[in-house]
Amino acid sequence: MPFYNGTLFEIDRKEMLRYAGMNPKGKNFPEEAIQSAIQEALALAEPKGIWQVIPYSPSEGKIEGNPPLVLSGNSIRHHLANSWSTAVLAVTVGDEIEKASDAAFKSGDYVRGLLLDAAATTATEHLADQVDRLIQKEAAKDGQKTVWRFSPGYGDWPVTQQKDFCRLIEADKIGIQVTDHSMLFPRKSVSAIIGISQCSQRPAPAKCRTCSLLTCPFRR
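full-length UniProt numbering puts the first residue of the sequence shown at 1, with every later residue one more than the last.
In short, the hints are calculated from the structure, not lab data. Note that the structure is a prediction, hence the values are computed from the model and not measured. Each hint should be verified, as a subset may be incorrect.
No farther apart than 35 Å at their CA atoms in a straight line, the calculated lysine-lysine pairs in the DSBU-like style are these [what the hints assert, rightly or not]:
1. K163 to K173
2. K99 to K173
3. K106 to K163
4. K141 to K173
5. K14 to K106
6. K14 to K141
7. K173 to K62
Derived Cβ-Cβ restraints for the label pairs, each shown as a range [unchecked claim]:
8. N82 to R133: 14 to 24 Å
9. A33 to V53: 37 to 47 Å
10. W84 to P30: 50 to 60 Å
11. S75 to P2: 21 to 31 Å
Glycine included, C-beta positions come from ideal geometry on N, C-alpha and C.
Could you build the full structure based on these sequences and the hints that come with them?
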């Protein structure tokens with residue numbers, strides 16, 4: 001079970017402001033507040049990841065782990081239709097940034113709270129990208145291709161499989177737990193699956209195309 005002790009040297013400013021729901025040029029916030037939130041998030045982040053490659057049966061939609069996991073939903077099965085193995089992964093930046101964000105909100109410093117929360121989300125996605133690239137590199141050594149990562153809750157893959165999926169990954173080894181409502185804790189965590197095959201890699205679509213929440217403001 002490979003562990004990934006990631007390093008975060010920067011946080012994408014434009015992406016962070018998008019998660020904050022604001023103008024990507026940052027005109028809604030003082031530049032000092034933006035940079036302060038970025039530096040604070042980088043200092044508080046505790047990036048960790050875990051992943052492993054597991055055989056997969058596309059005909060059964062089953063990850064041959066211990067125990068095996070039969071995937072629910074047409075979208076994830078279609079996504080992995082040409083894959084004979086999968087890389088499962090989980091990453092987290094810990095809960096210290098979230099604690100700082102919550103404290104800022106409670107004290108009435110809403111700008112700092114919002115920016116810290118957005119910075120933490122951006123950092124989590126960046127960490128998932130790092131592990132994704134590592135998996136692509138490892139697959140390429142055997143002449144294999146990967147398809148873009150897919151998480152519980154995307155499409156019609158029910159988020160209720162989150163607990164079984166994270167048990168398969170052994171996400172608890174990096175401190176990730178799943179609540180009774182199928183949410184990850186620390187909240188700034190991601191779990192995902194990446195298909196591996198001999199087929200040509202599918203181009204990754206815009207992330208919003210995999211999500212069924214049509215009213216989300218990120219679709220603008």
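Each hint, compared with the structure:
The suggested pairing of K163 with K173 holds, with an alpha-carbon distance near 14 Å, which does not exceed 35 Å. A C-alpha spacing of about 21 Å is found between K99 and K173, which places the hinted pair at or below 35 Å, so the restraint holds. For a cut-off of 35 Å, the pair hint linking K106 to K163 stands: about 31 Å separates their Cα positions. A threshold of 35 Å between alpha carbons decides the hint, and for K141 with K173 the separation of about 27 Å falls inside it, so the pair holds.
Of the pairs offered as hints, the one joining K14 and K106 holds, with about 26 Å between alpha carbons and a cut-off of 35 Å not exceeded. Only pairs whose Cα atoms come within 35 Å are accepted, and K14 paired with K141 is accepted, the gap being roughly 34 Å. Taking the CA atoms of K173 and K62, the gap is near 23 Å; set against the 35 Å cutoff, the hint holds. The hinted range of 14 to 24 Å is satisfied by N82 and R133, whose Cβ atoms lie roughly 21 Å apart.
Distance hint check for A33 and V53: the Cβ-Cβ separation is about 42 Å, which falls inside the suggested range of 37 to 47 Å. For W84 and P30, the hinted distance range of 50 to 60 Å is satisfied, since their beta carbons lie about 52 Å from each other. Taken as a hint, the range 21 to 31 Å holds for the pair S75 and P2, whose Cβ atoms sit roughly 27 Å apart.
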